[in-house]
Structure formats: structure tokens, C-alpha cells
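K.L.:
Letter by letter, the chains look like this.
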Amino acid sequence: MTSSRRIFVACLIVILAVGVLPPPQAVALPLPPGVNEAVSFFHFLGALNRRNRVYTEAKRTQADVDAYYETLRRALAADLVKGELVTAPSQKPVRSYVRMTQALAAEKRAATAQIEAEKNDARRNFNREVGTNLFDLLVASPGGQRLVKDVKSTIDELRKAALLVKAAADGASLEAALQALADRVTSSEQVGNIVRGLGGVLAQEIDGLLGGIIKKLTDASGAASGELDAALAQIGNLEGRLDEIAGEHDRVPFSIAGDGSPLSDVRLVKEEEAALNVAIDAIVKYGIIIGALSDMNKGERSAMRDRIRRTLLETRLADLGHAITLAQNVRCEHVTQGAYNEVAATLGQTPEVPREGSEVRYLVCYDNKTSEAIFAALIGPSKSDTTTTTIESGDDGGEEPGAEGTGSDGDPYAPLTYHIDVAPEKMAGTEQGFGSFYQIWIDATEEGEMAHFATPGLTGGTLDISFDFAAMTVSGSFDLIYDQVPKGDESVCAGSPEAFYGTARGAFVDLPIVPAPTSETPPADWALSDEDWYPRDEGDWYVGGGFPVDLAMSGIIVMSCATYDGETSYAEWPFDEAATVTAWTDSSISFYRNQGPDHVTRTSINLVVTTVDGGDANPNWRYSFWWSDEPDRQIPDPLEG
Amino acid sequence: MGVPDTFAISWEEVEGRLVQMESWGYHGYATRVDLVDREIVLTTDLDMLDPDTLYPGWYDPTVFTALMPMSGAVAVAASSSPATFQPEAIDLSGGGDDFAQMDLYAGDQIILGFVDEQLVYVESVALAPREAP
Chain A
0 MTSSRRIFVA
10 CLIVILAVGV
20 LPPPQAVALP
30 LPPGVNEAVS
40 FFHFLGALNR
50 RNRVYTEAKR
60 TQADVDAYYE
70 TLRRALAADL
80 VKGELVTAPS
90 QKPVRSYVRM
100 TQALAAEKRA
110 ATAQIEAEKN
120 DARRNFNREV
130 GTNLFDLLVA
140 SPGGQRLVKD
150 VKSTIDELRK
160 AALLVKAAAD
170 GASLEAALQA
180 LADRVTSSEQ
190 VGNIVRGLGG
200 VLAQEIDGLL
210 GGIIKKLTDA
220 SGAASGELDA
230 ALAQIGNLEG
240 RLDEIAGEHD
250 RVPFSIAGDG
260 SPLSDVRLVK
270 EEEAALNVAI
280 DAIVKYGIII
290 GALSDMNKGE
300 RSAMRDRIRR
310 TLLETRLADL
320 GHAITLAQNV
330 RCEHVTQGAY
340 NEVAATLGQT
350 PEVPREGSEV
360 RYLVCYDNKT
370 SEAIFAALIG
380 PSKSDTTTTT
390 IESGDDGGEE
400 PGAEGTGSDG
410 DPYAPLTYHI
420 DVAPEKMAGT
430 EQGFGSFYQI
440 WIDATEEGEM
450 AHFATPGLTG
460 GTLDISFDFA
470 AMTVSGSFDL
480 IYDQVPKGDE
490 SVCAGSPEAF
500 YGTARGAFVD
510 LPIVPAPTSE
520 TPPADWALSD
530 EDWYPRDEGD
540 WYVGGGFPVD
550 LAMSGIIVMS
560 CATYDGETSY
570 AEWPFDEAAT
580 VTAWTDSSIS
590 FYRNQGPDHV
600 TRTSINLVVT
610 TVDGGDANPN
620 WRYSFWWSDE
630 PDRQIPDPLE
640 G
Chain B
0 MGVPDTFAIS
10 WEEVEGRLVQ
20 MESWGYHGYA
30 TRVDLVDREI
40 VLTTDLDMLD
50 PDTLYPGWYD
60 PTVFTALMPM
70 SGAVAVAASS
80 SPATFQPEAI
90 DLSGGGDDFA
100 QMDLYAGDQI
110 ILGFVDEQLV
120 YVESVALAPR
130 EAP
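Those sequence lines, one after another, are chains A and B.
According to numbering that gives the first Met the number 0, the first sequence is numbered sequentially starting from 0.
According to numbering that gives the first Met the number 0, the second sequence is numbered sequentially starting from 0.
Bound conformation, chain A alone:
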């Protein structure tokens, strides 16, 4: 297949499939235990081509598995870096990439366990017995045989009818013979539909032959004997071909799951700096896993992510190829301050210093292959005047497709306003960050069964923010839309929102911008839990305050489903809920002073809105979003009065 044809076919598949495929399916907990081990075992048996080699070349097995997954992983990574686009704009390549690599890693671990188990004689014999039984059942293929038999039977009837017409061409019974032929042609066309179930090249071949015969017979209905002879000859050819197919073939199952053909043409969705984001996400994820980020709220994690991003850029790891390697091979550890200082110095960084009295942790990441340290970070409040990171050139939005910001390059006290279209496709082209989650728990049944679902996709909406640096207040409003298109088919089962439409609306007015509180204890009006509080960096601005948010959701959730005799029944629960809940802003303007060769001061704005714990209320809502930007203008400096 030529490259252009492959691309065409791939595009065609994507275009067609995107139109018919149901969206991702959220599966409710609890999951049955041992899923991955079971799937691995089934894969192991299902991959029959590879399986055959297992028994004959046992030593190659692990190498085969390693090579297979490594090839897949490399191909994925390469295409992510290349950013070649061949899919719908709504798809998120990074998310898909991360999920796929994680799932592949889990699959590979389980496959490796299966290989290890094979070293045990009893398990090997068991696997072999199961594989043999599976093989015998699969090669019987009663369905395929039935289709071939049906085609043969119809072809035989066609041949008889054609012979009847040919013999009666000069006699009185011609009309009846032609009617018999017409009946057979009709049944042949029906078989033509059935035979497509055979799939692949074979179905195309038989379908073509059958179509040719029918055309000749139809043309011959006027008793043109030449056409009848040609049709009879073609019938003979097709019968011979069917005899070959139905003959004594020694067949072997071919498993697509076990196909290890070279991944010569892999394409993913394009996204700006996709590989860099993967690298950052990987580091943040490792931070969470080892607990280094577990005590932080989302705003701080977001700020941490920004810091990591700047550091990666500064240390030239923004090179996509390097970054993607980092994402796959990075290993991060929670280390002592001394070890962190040492690694930071090795990397040419000035170690960050924790803010006095604050609780911090230290993260160091290594390249798995070379064991060289490649990243070091202080996690938690630091003395901002000791940070070594530089902030990339920001832009407060005039040319960004998702955001429009206005401000002043000269007067730090001029107002700064944003009008932001938060639709994912609009935000993707900006340097601003936006994220949100939306959750609800509802006591949905008389038996007290709780329905829960979370984070349907944000599809659009606006966020307006206005900073008044003369009055030192900030006001804003948001109107956000979460929409999941209903499918109305059997592809959705237990725990999935069949259809969902949600909104989040709120406004805050003249919240005071104050010097960041550095106290270990939260302010008196702090509405979130004490555990969520942490002292802010001295010299930053802070905005805290409560305001109402209107939340609304409507849709249908599928509580359970069952399929018997091909009929699927559903227990669905429609919902239409709305509530006004209290939200809290936990926002800041951070200063990075005297950065870079020009010793300029840069700022980073982080706006976080989180609903206050709904307690035992039914429904129990959770909603939060965050937004961030690095405005390319001066902001009044709290240290300058």
C-alpha cells in the first residue's frame, strides 16, 4: 500500500469512525480484582501467532514482548513529537498518549508475569492445554463454513436455472424458466449481502464474481445464449473457487492482538508543545505519587507545574525529542534538602530556599538509562527572591485566540482586564492555563444507592476578569458549559452518564487585593478546611473571598444494564438538579523579581475557584476551576508600597 493511499485510508477511517463511535465510557468502581492479570492471560492465549513461537522458542518470548511494546511505545512517542494530524479536533493526543502508555506498561508487566509463570511446568502444561482447546474451537469456524455453504448452494441453484433457460430457449417453457432464473438472481443478491460477512479480500473477490454472474444472467434473460454460456462458465469458476476455500485447508487463527508488524505509519493529533506537556505531567504525576505534592491544593499544584515548565525551558529540555524521552524514562525521588542542593548545583542551578518556617519537600528526577540527574525542584513555598527560574516572555492576550486581555505596558496601576473564551480549542493556542472539574454525588434510589460522576468535558463558556490596581480590587464572572452528547445506544452501561449538560455560573465583585498572608493559620474568613491553608510567599498579592455559584446539571445516568438473547435492558435515572453553592477564591499574583540578564520583574496570576464542602447535602456538589496567566506588563509591587 502506498503512503498516500495509507494516509487516505487512515483519514477515511478516522472520519467515518469518529462519526459513529460512542464516546469514552466511564466504568464505575469497584472494578473486579485481577483485571490486568486476567487480560494478560487472555492476550497471551489470544495472540496465537506469537503463542506458537512461545513453545518453540521459549527464550525469544520475553524479547518478543519487550520488542513489541518498545516498538509501539517508540512509534507513539515519535508521532507525538512529529505532531502529525489525522483525527478529529476534539481528541487530546497527550491524554491519549499518557493513557495508552500507562495501559501498555500495565499490559507489559502482566505479560511478563505470564512469561515468568511459564517457567513453571504445571503452568506451562496448563497454558498449552487451554491453548489447544481454544485453537480447536476457533478453527472449526462454523460461521465461515455456513457462509461458504450458503453461497455454494445458491450458486448451484443459479447454475440449474441458467441451464433450464438455455435448454428452453427454443421451447414453450422459456417464460417459466426465466421466472425461475429471476427468483434465483434475487436470492443471489441476498447472498451477496451475506457473503460480505466473510470480510477481507475474500469477500470482495466472491462478491465481485457473484455480481458479474448476476449481471451476465440478467443480460441473458432475453435468452442471448452467448451471455448464458459466459455466465455458466463463470459459475463454474466460482464453484471451483468456493471448493478451494471450503476444502481441506489447514487453517491457523490469526490474532490482531498478537500482530507485531512494524509500525511504519503512526499518526496522532497535533498539539502545541505536546511532548513538553507530557514531560511536565509525568514529573507532576511522580510528585503526586511519592507524596511530594499531596498536601497541595490545585492552585499550588498549578503553580508548581508552571515552575517546572519554566525550569524545563530554561534547562533547554523544551526540545521535544528530549522532552518526550524524559517523559518516558524519568524517575523521580523524594530526597533530603542536602541531596537536592547537591543535585541542583550539579545541574547549574542555584538551589531554592524554603520560606522560613514552611513545610517543603524536595524532588529530584533521574534519567533511567543514564542514571544522571536531570531535574531538581523544591516543592512548596520558597523565598521567591532566590528562585533561579526565568519566566518566558508572556502575552496578556491580545493575539491569543481564546483570550483577550487589555492592559498597559507603562502604568502599573492601569486596569488589567480579560475576556476569555475557555473552549478547549481556543485555550490551546494561548499561554494561559485553564482547567476544571465538576462532580456530583446523588442518592439516586430508594435503596440509597449513590450515583456519582465527574469531569464531563468542558465545551465552552467565558471567563471575565478585571483587576483594578487603583482601588486594588478584582471583579469577575464566569459562565461555563459542560456538554456530553447523548448516544442512545447500547454502548453505555453501568455508571455512565448517557447524556449530560451542565453549567457553572458565578460572579465576584470588588474582592480586595491584599498583601499575601504569611501566617501559619488561615484568615478568619477562610472558608475551606484548615488543612487546605498554607502560608503565602511574602511579597506577593493575594485574593480570598467567598461568593455564590450557580450550578446546574441535567441528563441521564445508566445505573445498570443487562443483555439477554440479544436484547439489552437498562436501568436509567434521569436527573435535573440545580443548586447555588458557596465558592471561594484562592488566588494570587506571584512576583519573580530581578530575573534574567535584564533583572526584570515578572508576575504570574493564578485564579482558583473552589466550592465549599457540601457536607451531607444531597446532591453533594464539587466544583472547581483554575486559570493562570503571565501578563506581559507591570503590576504594582507590594514591596514598593
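Treat the hints with care, as some may be off.
Stated by the list, open to error - A few chain A residues facing chain B, derived, Cβ under 7 Å:
| id | residue |
| --- | --- |
| 1 | Ala37 |
| 2 | Phe125 |
| 3 | Leu146 |
It is worth saying that the hints were derived from the structure and are not from the lab.
Glycine included, every Cβ here is placed at the ideal spot set by N, Cα and C.
Based on the hints, put chain B in the right spot on chain A.
P.N.:
Structure of chain B alone, referenced to chain A:
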């Protein structure tokens, strides 16, 4: 394009949720499509198989869903088969406790795998003539 000639779907647990991994084979076009959670993530080339290969084009991968009840999945496989062939259980008792929660069925060119009688794996397989040694 219609349903694929062959496919394999597995649901694998990643951080407490199931991720749906699937591969669809359009062998007539020598193309394989891989999906994660029903999103297409890559397409690859497939080697062409022998022209006499039998494909189970009668199965539709989208009707198989995560943790589908065993009775339902087996019934779907049987009703989809042109011969209405009822998948048969493969005896896994010889595997000991490791396999106590698993069930494996083989049907008309289809494999179904279950944990706690819930579907976690399904694969339709082509039957290719064995190559001469």
C-alpha cells in the same frame, strides 16, 4: 468502512479506572486502527494475509462493553454468528486458584474473557491457511 474484519478489545485497569484498549483490523485495506477509550490514537499497516483467509466480519466490536455480564456477552456472540454457534467454555480449573475468578469462552472465531463473570477481553480472529513449512 463498516465493522472491522477482526478486532481485539481489552479493558485494563490504570489508576483505579478501566481503560479500553482496542485494535481494529481492516485487512482488505491492510490497515489497523488502535483506539483508547474509543478514541482513535494511531493507525498502522497490516501485512496482507492469504486471500483464502476467513474473517469474522459478522461481529460488531461496539456492542461489547466493559464488564458486560457473561450471559449477555455470550448471547451476543452466539446471535451474531451466521451459524448461531454458542461459544463454549474452556476449562480453566487446571490453573488453580489463580484462575478461579476467570472464565474463557471460544466461539465462532471469537474469544471472550471474563473476570467475576464480567467481560474484560474479547477478540475476533481470522483463520488463515497455514503456511507451508
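K.L.:
Each hint: holds or not?
P.N.:
Right, here's what the structure says about each hint:
The beta carbon of Ala37 (chain A) is positioned within 7 Å of a beta carbon in chain B (closest approach about 5 Å), and the interface hint is therefore held. Residue-level restraint check for Phe125 (chain A) holds (minimum Cβ-Cβ distance to chain B is 5 Å; threshold 7 Å). At about 5 Å, the closest approach between the beta carbon of Leu146 (chain A) and any beta carbon in chain B falls short of 7 Å, and the interface hint on this residue holds.
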